[in-house]
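Residue numbers (the working numbering), protein chains in the order written: chain L, 1 to 113; chain W, 1 to 116.
Keep in mind the hints are simulated off the structure, nothing from the lab.
Because the structure is a prediction, the values reported are computed rather than measured.
Hints may be right or wrong, so weigh each one.
Distance condition first, Cα-Cα at most 25 Å in a straight line; then the derived DSS-like pairs of lysine-lysine [unchecked claim]:
1. W/LYS44 - L/LYS49
2. W/LYS68 - W/LYS83
3. W/LYS40 - L/LYS49
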Amino acid sequence: AQSVSQHNHHVILSEAASLELGCNYSYGGTVNLFWYVQYPGQHLQLLLKYFSGDPLVKGIKGFEAEFIKSKFSFNLRKPSVQWSDTAEYFCAVIPSNTGKLIFGQGTTLQVKP
Amino acid sequence: GEEVAQTPKHLVRGEGQKAKLYCAPIKGHSYVFWYQQVLKNEFKFLISFQNENVFDETGMPKERFSAKCLPNSPCSLEIQATKLEDSAVYFCASSQSLQGGVTEAFFGQGTRLTVV
């Protein structure tokens, strides 16, 4: 079955620390890949997306992600986190020829000032 | 409109009552998705539509849940005979496409359903 796995469930960092959140998916075909963020009490917002081309994609607020096809991975990175990055982060995939966006379990990021 | 509009924001139902949630997708978007978020960290896919046609309903509980997207009307998600376990935030999203560069699912603010 198609699935998305996020390795880190809860991450605690100090401000200015670097961030990397892991995401792996299980699907052998073409996929569109996404990272969403959910700030406390708010709805999901798109951070970045990948559908083709340069596997290193840059998103909003200094986030970037790298698609590594051979590893079925799409890890999210940020060189220096801020307190305002405290939120839930979700990796998601739309496998080709399907009608659904499949989410990972989410990662809670807590940034200490 | 320029955003996905979900109504109501909050809904409280007694066990066994019916609950109906609405979603107006962004104008021009062909795809609508419904998700259930029970725990803070889990989005369960329920159903998707391509215009008014069901596109993928592999996540829908068959017995009590139904959904529609009719022309010129908001999409709806209906739960017959609600149970305590249906308490969750239900999110709707819409997308212009499912593949390629224009693919992006825009999410609504959600409807918090509380079954008491």
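Query raised in the report: Holds or violated: are the alpha carbons of W/LYS40 and L/LYS49 at most 25 Å from each other?
Result: Holds, at about 22 Å.
Query raised in the report: When you check the alpha-carbon spacing of W/LYS68 and W/LYS83, does it fall within 25 Å?
Result: OK: W/LYS68 and W/LYS83 at ~21 Å, within 25 Å.
**Report entry** Restraint check for W/LYS44 with L/LYS49, where alpha carbons must lie at most 25 Å apart
**Finding:** Roughly 20 Å separates the two Cα atoms, so the pair holds.
The structure agrees with every numbered hint stated previously.
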